[in-house]
Amino acid sequence: MGKIYVSMVGAVNEDVVTMIARHVRGMFGFEVEMYTSFPDPDYAFEESRRQFSSALMLQNLARVRPPDAAKFLAITEADLFIPMVTFVYGQAQLAGKAALVSLARLSQEFYGLPPDKELKMRRARKEAAHELGHTFGLVHCHDRSCLMSLSTEVLQIDVKSEDFCRSCWIVLEEELTELRKETKKNKILEFRR
Amino acid sequence: MKTQWEILVVDDEEVMRESLVAWLREDGYGVDSAASGKSAIEKAGEKDYAIYFIDLKMPGGMDGIESMMEIKKIRPDASIIIITAYATVDTAISAMKEGAQEYIVKPCNPKEISILVERIIKVKNLQRENLILRKKLTRQYRFHDIISKNPQMHDIFELVQEISSLKSTALIRGESGTGKELVARAIHYSGDRASKPFVGVSCAALAETLLESELFGHEKGAFTGAVAQKKGKFELADGGTIFLDEIGDISPKLQMDLLRVLQERSFYRVGGTEEITVDVRVIAATHRDLSEAVSAGTFRDDLYYRLDVINIQIPPLRERREDIPILARSFIERLSHELGKEIDDVSEGGLKVLMDYNWPGNVRELENAVERAMVTCKNTILSGEDFGFLEQNGLKKQSWNVPDNIPLQVVEKQVIEATIKRTQGNIKEAASVLGIDRSTLYEKIKKYEIER
Chain A
700 MGKIYVSMVG AVNEDVVTMI ARHVRGMFGF EVEMYTSFPD PDYAFEESRR
750 QFSSALMLQN LARVRPPDAA KFLAITEADL FIPMVTFVYG QAQLAGKAAL
800 VSLARLSQEF YGLPPDKELK MRRARKEAAH ELGHTFGLVH CHDRSCLMSL
850 STEVLQIDVK SEDFCRSCWI VLEEELTELR KETKKNKILE FRR
Chain B
2 MKTQWEILVV DDEEVMRESL VAWLREDGYG VDSAASGKSA IEKAGEKDYA
52 IYFIDLKMPG GMDGIESMME IKKIRPDASI IIITAYATVD TAISAMKEGA
102 QEYIVKPCNP KEISILVERI IKVKNLQREN LILRKKLTRQ YRFHDIISKN
152 PQMHDIFELV QEISSLKSTA LIRGESGTGK ELVARAIHYS GDRASKPFVG
202 VSCAALAETL LESELFGHEK GAFTGAVAQK KGKFELADGG TIFLDEIGDI
252 SPKLQMDLLR VLQERSFYRV GGTEEITVDV RVIAATHRDL SEAVSAGTFR
302 DDLYYRLDVI NIQIPPLRER REDIPILARS FIERLSHELG KEIDDVSEGG
352 LKVLMDYNWP GNVRELENAV ERAMVTCKNT ILSGEDFGFL EQNGLKKQSW
402 NVPDNIPLQV VEKQVIEATI KRTQGNIKEA ASVLGIDRST LYEKIKKYEI
452 ER
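Read top to bottom, the protein sequences are chains A and B. According to my numbering, the residues represented by the first sequence are 700 to 892, in order. According to my numbering, the residues represented by the second sequence are 2 to 453, in order.
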């Protein structure tokens, strides 16, 4: 089925990334490998907003991803935005390969609250799985407890569970089955060559 | 089902455009994009998008508001959200004035977009649901081609069912435009004769001799112009139903001929000697009070009793106003196809005008009014303004204030004087306007000593 590569953009706490990689492996059943870290994304910095363009970063990630990646997930501490909205927690290519998650607004400190490492880890796991869900073609779910429900504030991330709802699971399973078939076909073709 | 509704994002900046597209797609919507107003208008012509996100500032000669106005011409129902980086009261007002549904300043809170789109889609879903329910409701109130939820009309529907397979003559009464022929057709098509012909004749439209030949046919050479034998409507309706509209207008001679057909089910063609027997059910209709005509001696009582075996009285539209909305909507639905105009509904304001009007011409007048409004309507919803011509008619009628304690003769004199003045002394025209003949008008001019 190929691998899910996980990478860091700029300085990121490695413990968080390792935890996310482990979680993704368990959740999607893929082999997960850590990939090269990338430097600070200065090219995506927008001076007027003091934020980083997630659209530009995602474009770049899609370009530099490992060729054999089934999915490519990048984690950053950069605060992300798209022009239309004040911020985004992450962005992904819908039914594509690349996904990006920002940890900037997942920590309690961002909101002037005392740090809570465990809470940040939980939010990071949810957002990473949510963005990867998009790369498998899943769209936002109306079920507020589903991992694929839209979060526009941290409270909504905290409210949702760490799992997909039944309907989203069915769609995800179908996608995974398709991917397995595709991988098998590619292996046979490679063997014949 | 989000994907039923599609969205078009219009922005010249690629990052802005594509990131909003991606955001909306993640939300489950079908989204396309356009890099200019011109391209957006082309796309709007090809696909019916439910929502347009349009950036206010776009180079290339067409800004967001101009693009919106052009799109509105093609898709008047589209919801347009204008996006701008610089919020000023002026731009907001002008965008809303020109028909933008919403106005958002970027960057906005992420939840604003999703909530906004969800709210618009919810309203669109409700409107669609409403339309489907209304169509279902119309079907429920439809009996053949007649639509009504009025209890008196439903009694008529029941009666029609009961008498449809009988051979008895029926007399349908009702004001002009109430749908007498539709009831006659419903009787015919509900009964055993449905597969046989239904032949309608308007007795008021033809002169006596022509009507006679029309009803009973003629032999070759029966009169000048009778170059060949012709079958009459009674023969053509054999096995089926003949519908004699405006029966109150026929001459005494034809009344007698008709009575004979009703009694004996046989007749002679004009100029013919062969007796022709037919199996025809007769349904007659009139807007006149035939019993009064009988008392006045202008209509044969024996014919009247022959016709009046089953009596159906159709109420005028002003006595079944509850039917106005469903009738108007059913006309809109039918006429949209016929006129090739996408009109979906009538607004509350439009309905109020229709409900307030008196409808002297009944359902036919309503149908004509809806058609006239649809022809001139520039939107997809008929508004009160589109029915402005009805209000004008109404006002004209209201402008006649009856003065207190005034003798009838004074009123008559004033009306005649005003009419003669308006027709600039043309007596023939004045008589026609007043609905009296010239000699009567001269008598009254003389009587009231009116100056011409």
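Honestly, I wouldn't trust all of these hints.
[Said to hold, decoys possible] Dumping the calculated BS3-like pairs for lysine-lysine here, alpha-carbon to alpha-carbon at most 30 angstroms:
{"id": "1", "chain 1": "A", "residue 1": "859", "chain 2": "B", "residue 2": "136"}
{"id": "2", "chain 1": "A", "residue 1": "819", "chain 2": "B", "residue 2": "44"}
{"id": "3", "chain 1": "A", "residue 1": "819", "chain 2": "B", "residue 2": "112"}
{"id": "4", "chain 1": "A", "residue 1": "796", "chain 2": "B", "residue 2": "112"}
{"id": "5", "chain 1": "B", "residue 1": "342", "chain 2": "B", "residue 2": "136"}
{"id": "6", "chain 1": "B", "residue 1": "112", "chain 2": "A", "residue 2": "816"}
{"id": "7", "chain 1": "A", "residue 1": "859", "chain 2": "B", "residue 2": "107"}
{"id": "8", "chain 1": "B", "residue 1": "342", "chain 2": "A", "residue 2": "859"}
{"id": "9", "chain 1": "A", "residue 1": "859", "chain 2": "B", "residue 2": "44"}
{"id": "10", "chain 1": "B", "residue 1": "44", "chain 2": "A", "residue 2": "796"}
{"id": "11", "chain 1": "B", "residue 1": "107", "chain 2": "A", "residue 2": "796"}
To be clear, the hints were calculated from the coordinates, so they are not data collected in a lab. All figures in this text were calculated on a predicted structure; none of them were measured in a lab.
Hinted pair residue 112(B) and residue 816(A), Cα distance within 30 angstroms: Distance ~26 angstroms between residue 112(B) and residue 816(A) Cα, so the pair holds.
30 angstroms Cα cutoff - pair residue 819(A), residue 44(B): violated, 44 angstroms
Distance restraint between residue 796(A) and residue 112(B), which requires alpha-carbon spacing of 30 angstroms or less: Holds - the C-alpha atoms of residue 112(B) and residue 796(A) are around 25 angstroms apart, at most 30 angstroms.
Pairwise hint evaluation, residue 796(A) against residue 44(B), where the allowed Cα distance is 30 angstroms at most: Holds, at roughly 29 angstroms.
30 angstroms Cα cutoff - pair residue 859(A), residue 107(B): Status holds; Cα separation ~28 angstroms.
Given hint residue 136(B) paired with residue 859(A) - CA-CA distance at most 30 angstroms: At roughly 41 angstroms apart (the allowed maximum being 30 angstroms), residue 136(B) and residue 859(A) break the hint.
Given pair status - residue 796(A), residue 107(B), alpha carbons within 30 angstroms: holds, 28 angstroms
Straight-line alpha-carbon gap residue 859(A) to residue 44(B), limit 30 angstroms: violated, 38 angstroms
Pair hint outcome, residue 342(B) versus residue 859(A) [Cα-Cα no greater than 30 angstroms]: violated, 48 angstroms
Given pair status - residue 136(B), residue 342(B), alpha carbons within 30 angstroms: holds, 18 angstroms
Given pair status - residue 112(B), residue 819(A), alpha carbons within 30 angstroms: Within the cut-off at roughly 21 angstroms; holds.
Of the numbered hints stated above, those contradicted by the structure are hints 1, 2, 8, 9, listed in ascending order.
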